[in-house]
Each structure stands twice: as C-alpha cells, then as structure tokens.
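Student: Given these sequences and hints, build the entire structure.
Line order of the protein sequences matches chains A and B.
Each residue of the first sequence is one higher than the last, beginning at 1 in the working numbering.
Each residue of the second sequence is one higher than the last, beginning at 1 in the working numbering.
Warning: the hint list may mix true and false statements.
[What the hints assert, rightly or not] Straight-line alpha carbon distances no greater than 27 Å define the calculated DSSO-like cross-link-like pairs of lysine-lysine that follow:
{"hint": "1", "chain 1": "A", "residue 1": "LYS83", "chain 2": "B", "residue 2": "LYS344"}
{"hint": "2", "chain 1": "B", "residue 1": "LYS17", "chain 2": "A", "residue 2": "LYS145"}
{"hint": "3", "chain 1": "B", "residue 1": "LYS17", "chain 2": "A", "residue 2": "LYS159"}
{"hint": "4", "chain 1": "A", "residue 1": "LYS54", "chain 2": "B", "residue 2": "LYS37"}
{"hint": "5", "chain 1": "A", "residue 1": "LYS9", "chain 2": "A", "residue 2": "LYS87"}
{"hint": "6", "chain 1": "B", "residue 1": "LYS238", "chain 2": "B", "residue 2": "LYS344"}
{"hint": "7", "chain 1": "B", "residue 1": "LYS238", "chain 2": "A", "residue 2": "LYS83"}
{"hint": "8", "chain 1": "B", "residue 1": "LYS237", "chain 2": "B", "residue 2": "LYS401"}
{"hint": "9", "chain 1": "B", "residue 1": "LYS439", "chain 2": "B", "residue 2": "LYS234"}
{"hint": "10", "chain 1": "A", "residue 1": "LYS63", "chain 2": "B", "residue 2": "LYS237"}
[Said to hold, decoys possible] The following residues of chain A were derived to be distant from chain B, with all beta-carbon distances above 10 Å:
{"hint": "11", "residue": "GLU20"}
{"hint": "12", "residue": "GLY39"}
{"hint": "13", "residue": "ASN40"}
{"hint": "14", "residue": "GLN49"}
{"hint": "15", "residue": "GLY66"}
{"hint": "16", "residue": "PRO128"}
{"hint": "17", "residue": "HIS144"}
{"hint": "18", "residue": "GLU146"}
{"hint": "19", "residue": "SER154"}
[To be verified] With the Cβ distance kept under 10 Å, some of the chain B side facing chain A (calculated, not the full set):
{"hint": "20", "residue": "LYS377"}
{"hint": "21", "residue": "PRO383"}
{"hint": "22", "residue": "VAL386"}
{"hint": "23", "residue": "SER389"}
The set of hints was computed from the structure by calculation and includes no laboratory data.
Using N, Cα and C, we set each Cβ at its ideal position, and we do this for glycine too.
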Amino acid sequence: MPEIRNIIKGCLAGSRRDQELLYRRHSAKLYAVCLQYSGNDDEARDILQEGFIKIFENLIHYKYEGSFEGWMHRIVVNTALEKYRNKHNLYRVDDIDLIPEPDAAPETDDYAGLEAVDLLDIIRELPPKYRMVFNLFAIEGYSHKEISQMINISEGTSKSNLSRARIILQKKVNLYTGLKKTVVSG
Amino acid sequence: MAKEGANIDLLFRNGLKDYEVLPPVEVWNNILPVIRKKQRPVLLLRSAALVAVFLSISFLAYRWSREITNSAQNPMIAVRDQFIPTRENTTNILEINKQPSNRQVTETSIIENPTDEKPWAEFIGEEYIESSDSEIMTEARAMSNTGNLIFPPSIQVIRGFSYNNEIYNTGNENLNKFDFEVPKEKMNRWSISAMASPTVYLQPELSSSDISSQISSGEQTRLSYTGGVGFSYKISKKISIQSGLYYASIGNEVDGISSFAGFHQYDYTKGDHNFEVLTSNGRIFTDNADIFLRDYSGDRVQTMYTNDVFDPAKANLSYINNSLFQNFSYLEMPVIFRYKLIDKSIDFNLIGGLSYNLLVNNSVHTVIDGNRYNVGKTEGLNPLMVSSSFGMGMEYNLTDKFSLNLEPTFKYYINPFNEFSGMKSHPYSFGVFSGLSYKF
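Tutor: Structure representation (structure tokens):
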C-alpha cells in the first residue's frame with residue numbers, strides 16, 4: 001500500500017486520485033464513528049461529509065506526529081460534537097432531565113452472539129445526550145471534566161448521564177442477547 | 001456498579017473498535033466539489049504563472065531578435081564593411097553626383113579617416129571639422145558648402161549628425177539615384193513543420209528490494225510514438241526558437257499478471273478497485289468489477305481476495321491474458337532552441353529545451369482475442385510533466401521553402417511519472433523525429 005505520506009503529499013498537491021484514495025481508505029471506519037454519534041443515517045452522512053472537508057482543509061497542518069488515523073478520528077468526533085452543540089445549545093437539557101432514573105439491569109458476561117452491528121444499533125437508540133456522554137467517556141476515554149467543557153454541562157450531569165446510559169445499554173444488551181438465544185434455541 | 005459500568009464500556013469499546021461501514025456513494029460526490037472549488041484558485045495561479053513565464057520568454061526572444069535585426073541593418077556596420085569612404089570612391093560619387101549649378105568639386109572635398117583617435121573627420125578646403133562636433137557644425141558647413149560636398153542621408157546618419165533632409169535634397173534629386181543602403185537578404189523567419197517519431201521509453205533501475213526487482217523484471221516498454229505540428233521563429237541566422245503542440249502516446253506492458261473475467265458475481269463488496277497492481281509507473285487500480293487479477297509469480301497484486309480466500313479456477317472464471325497494458329497519452333508543448341552548427345546543403349542544428357506534458361489519457365487494459373478489455377487506471381500519475389530535450393537536427397533543403405527534417409532526440413523527465421507509489425522514477429526516452437517544414 002502507498003505510504004500515507006505520499007498520499008497526503010498528493011492531496012496537498014491537489015491530486016484528485018490521492019484525495020479519493022484517502023477517502024476510500026478511511027471513510028468506512030470514520031463512517032462507523034459517525035453512525036455511533038448520530039441518531040439517524042442522514043446526520044451520520046452530514047458528519048462524515050463535513051469531517052472529511054475539514055480533514056482535507058487541515059491536511060497542511062498535520063505534522064506527522066502520532067497516528068494519522070487518530071488525527072482524522074478526532075476531527076470527525078469534533079465535527080459530531082459541533083453538530084450536537086448546535087442542535088442542543090438553545091436550552092440546557094441536562095439540567096431539566098425529565099427522564100426518570102431507570103432501574104438497574106442485571107449484568108451478564110454472556111454477550112455471545114452480539115455483533116458490532118447490534119452494538120451500533122443499541123448505542124444509536126440512546127437519547128442524544130446519553131449517547132454523547134457514553135461515547136466520549138467509554139469509547140474515546142475523556143474525563144467527566146473534559147466532557148463537561150465539551151458539551152457545556154456540569155461534571156455531575158456528565159456522571160449522571162453516563163450512569164443512565166449504562167443502565168439503558170445494559171438492559172438493551174440483555175434484551176438483544178436474550179432474543180438471540182431465543183431465536184437460536186427456538 | 002462501577003464494575004458493571006466497566007464491563008458494558010468494554011463491551012462497546014472492543015465491539016466497535018474496528019467496525020467499518022461503507023458510506024453512501026453520494027457523500028464523496030458532495031465532498032469532491034467543495035474541496036476542488038477551494039483548490040481552484042491555486043491551480044489558476046499556477047496556470048497563470050506558467051503562461052506568464054511563457055509570455056516572458058517569448059517577449060525576450062522577440063526583443064532579442066529585434067536587436068539583432070537592427071544591428072544587422074545598421075548602416076554603421078554596413079558602411080564599415082562595405083563603404084569605407086576613400087579618396088577614390090568619394091571622388092567618384094561626387095563626380096557622378098554633379099550639382100545643377102555645375103560647380104566643380106575640388107579634391108579637397110573628401111572624407112577620410114585620418115587616424116584612429118579622430119575616426120571620422122573631414123577636410124573641406126582649409127577647414128577641419130571634428131565629426132564629434134554636433135549638428136551646429138554640420139549645418140553651418142552644409143549651408144556654406146552645399147556646393148562643394150553633398151552628404152547623402154545615410155552618411156549623415158552614420159556620422160551621428162542630425163540634419164534637415166530637405167536642405168540637402170533641394171535641387172539634388174539625383175542623390176536619390178544612389179543606393180547607400182545595404183542590400184537586404186530576405187530571410188524567411190517563420191517556419192511550420194509536421195513531425196512524427198517512434199519513441200522508446202526507458203525506466204532507470206529501481207532500488208534493489210525484492211518487490212522492485214519483481215517489478216523491473218516483469219515489465220517491458222512498448223514502442224510509443226509522438227507526432228504533431230510545430231512552428232519556429234528564426235531569431236538570427238544561427239538561432240531559432242520553436243514551439244508547437246505534439247501528442248505523445250506511451251505504452252508499458254506488465255507481464256505475469258493473470259486476469260480473469262466474470263468476477264462481478266462474487267464481488268460482495270461491489271468495490272470499484274478490488275485489486276491494486278504495483279508497477280514502475282505507479283499503482284494500477286481496477287475499476288472494472290468484473291475483472292479478477294492474480295500474480296502467481298510474485299506479490300505485485302494487492303487485494304483482499306488472496307489465494308486462501310478466492311480461487312478463480314474453482315469459481316470457474318474465464319482466463320483472459322497474462323499481461324496488462326498501461327497506456328498514457330500526453331499533450332506536449334515544447335519550448336526548444338536551435339543553434340545552427342553547419343549551414344550547408346544539409347544543415348546541422350543543435351537542439352535543446354524544455355517540454356511541458358499534460359496528461360490527457362490514462363488507461364490500463366488487457367487483451368482477449370485481439371479485443372481490449374478495460375482493467376482500470378494507473379493512480380497518482382503526475383498530471384503535468386516537464387521534460388528536457390537534447391538532440392541533433394538535420395535539415396535538407398528541398399526548395400527555398402520546403403525542407404526535410406530528421407532529429408534524433410533524447411528526453412529526460414525532470415519530475416517523476418508518479419510520486420504516489422514511493423518509487424520516484426524519472427524515465428527517459430529516445431526518438432527520431434522526421435518530417436517536413438515550410439518556411440515563410
């Protein structure tokens with residue numbers, strides 16, 4: 001495979017082939033990230049599109065330090081965050097939480113049969129604010145302090161949202177695994 | 001609870017870690033116009049710079065040619081070469097150029113060049129006038145001595161004097177009978193030519209790694225051709241500048257890559273470049289979903305459909321060929337200088353310059369039963385190549401206007417065909433151009 005340096009160089013020189021090659025190589029992985037942060041396919045497509053435009057615009061600033069994939073990933077996550085903030089900045093929904101605290105779900109280690117596509121479906125069914133906090137904390141590894149600054153909520157709200165997200169996810173996972181077992185045994 | 005949370009976090013983190021979903025096609029179609037639009041000003045600036053350079057060269061060449069032309073027609077040079085005023089020839093002129101008043105021209109009315117220090121002085125009777133003196137002296141002398149010596153206009157110009165032509169010409173129309181101008185040799189400065197050449201392209205050896213040697217040994221350049229129309233302008237008798245528009249077709253054969261048809265029914269990804277082939281000119285990407293490629297002798301084909309995943313024999317694919325053919329076409333605009341070494345019945349010229357080559361076609365095919373079967377394209381080719389040319393031109397003049405040309409030419413590509421593959425290869429070529437030219 002061509003070195004990423006050559007592809008970046010080609011992109012910077014305006015080579016359409018290199019631009020397309022860069023997109024083809026990384027779009028599938030980044031689109032999965034977009035789906036993870038969005039509630040529907042249209043939103044995911046918009047995030048990917050805007051994210052890639054930013055990637056091409058900012059390639060000149062890439063210093064070849066660290067992973068290029070990681071650099072692109074951060075741009076796409078930031079784009080998703082921006083979209084989330086634009087959509088939810090009219091009111092601080094986090095402090096007016098009308099959703100009741102869900103009951104804790106029994107935990108199981110038996111996740112047999114759960115595939116990535118199922119996990120993606122489950123995560124996308126979360127309410128946006130829970131999904132955002134869960135993604136940033138559990139998948140990206142940000143702290144509650146960082147998350148609170150990123151999406152303009154308090155640290156406490158971030159913790160609470162995460163807790164609620166986990167409970168909902170656990171329930172759904174149990175449901176999915178139960179359904180799958182039923183289908184297999186039945 | 002913390003443990004529970006950690007488990008569910010891990011489940012999602014690990015489960016989605018390498019997950020990929022192909023985005024819809026329209027996403028790229030929406031991205032492309034945006035990024036191209038932003039790059040357009042840069043491309044326009046580059047094009048403008050290229051045009052500016054070309055115009056500057058043309059303007060300088062034009063100015064240079066004008067200067068050379070002017071100096072060739074300068075009477076000073078002509079007189080020094082062909083008309084040195086001596087006692088004899090001046091007397092003759094004056095005798096022929098008798099005045100209407102029939103006044104006798106005396107022997108003292110001559111022009112001489114007595115010494116180097118006083119290159120252009122004249123003796124008129126007892127007078128001695130320095131030529132470096134200006135028009136006051138000339139006019140004074142002219143007023144008083146028009147009967148003795150009439151200077152033809154060209155001589156006056158030679159001597160740097162300004163004068164009123166009417167004064168000298170009054171009653172002296174016979175002067176016009178003398179032609180003091182150097183006879184001009186008519187030079188056909190422009191010529192147009194049609195030339196064509198078979199061309200051999202060669203690649204320098206790549207590095208000695210395994211894959212590089214596989215690539216080098218598995219390829220052979222095919223006979224290519226170049227042809228087009230050029231025009232040239234003769235700056236001087238020896239130097240001319242040439243440009244024009246040529247079409248160059250370059251071919252490369254990649255051996256040992258087996259191709260099969262009928263793969264589309266097994267192509268679950270429906271990707272448009274399932275196979276990549278490493279070549280010295282760059283990387284071939286297939287864009288035909290029906291084609292299957294395999295390199296049985298090496299590792300030049302890169303694909304997810306490897307030996308352990310897919311067997312074309314078991315899938316009953318139709319074998320096509322064992323070679324791929326890369327085709328590149330360029331529009332070439334040369335800026336070439338010629339220096340005439342020998343000016344005989346057959347002229348010999350030294351040729352050198354630069355050519356700008358614009359990629360206009362890039363395709364890869366294989367052949368089945370004599371018919372072409374599209375495979376894809378070579379990725380990352382430089383769209384604009386610059387090559388330097390050196391050669392020797394022979395020109396045989398059939399008539400005053402027409403001549404036959406033969407020009408063995410060597411070209412070296414200054415920028416590589418392809419930087420994308422990481423194997424920067426600067427090809428070179430050798431061709432013998434032949435054709436006809438017409439001077440006007």
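Student: Against each hint, give a clear statement of whether it holds in the structure.
Tutor: Against the structure, the hints come out as follows:
{"no.": "1", "hint": "LYS83(A) <-> LYS344(B)", "result": "78 Å, violated"}
{"no.": "2", "hint": "LYS17(B) <-> LYS145(A)", "result": "24 Å, holds"}
{"no.": "3", "hint": "LYS17(B) <-> LYS159(A)", "result": "23 Å, holds"}
{"no.": "4", "hint": "LYS54(A) <-> LYS37(B)", "result": "14 Å, holds"}
{"no.": "5", "hint": "LYS9(A) <-> LYS87(A)", "result": "36 Å, violated"}
{"no.": "6", "hint": "LYS238(B) <-> LYS344(B)", "result": "12 Å, holds"}
{"no.": "7", "hint": "LYS238(B) <-> LYS83(A)", "result": "70 Å, violated"}
{"no.": "8", "hint": "LYS237(B) <-> LYS401(B)", "result": "16 Å, holds"}
{"no.": "9", "hint": "LYS439(B) <-> LYS234(B)", "result": "10 Å, holds"}
{"no.": "10", "hint": "LYS63(A) <-> LYS237(B)", "result": "56 Å, violated"}
{"no.": "11", "hint": "GLU20", "result": "7 Å, violated"}
{"no.": "12", "hint": "GLY39", "result": "15 Å, holds"}
{"no.": "13", "hint": "ASN40", "result": "13 Å, holds"}
{"no.": "14", "hint": "GLN49", "result": "5 Å, violated"}
{"no.": "15", "hint": "GLY66", "result": "18 Å, holds"}
{"no.": "16", "hint": "PRO128", "result": "16 Å, holds"}
{"no.": "17", "hint": "HIS144", "result": "13 Å, holds"}
{"no.": "18", "hint": "GLU146", "result": "16 Å, holds"}
{"no.": "19", "hint": "SER154", "result": "19 Å, holds"}
{"no.": "20", "hint": "LYS377", "result": "8 Å, holds"}
{"no.": "21", "hint": "PRO383", "result": "8 Å, holds"}
{"no.": "22", "hint": "VAL386", "result": "14 Å, violated"}
{"no.": "23", "hint": "SER389", "result": "25 Å, violated"}
Of the numbered hints stated above, those contradicted by the structure are hints 1, 5, 7, 10, 11, 14, 22 and 23, listed in ascending order.
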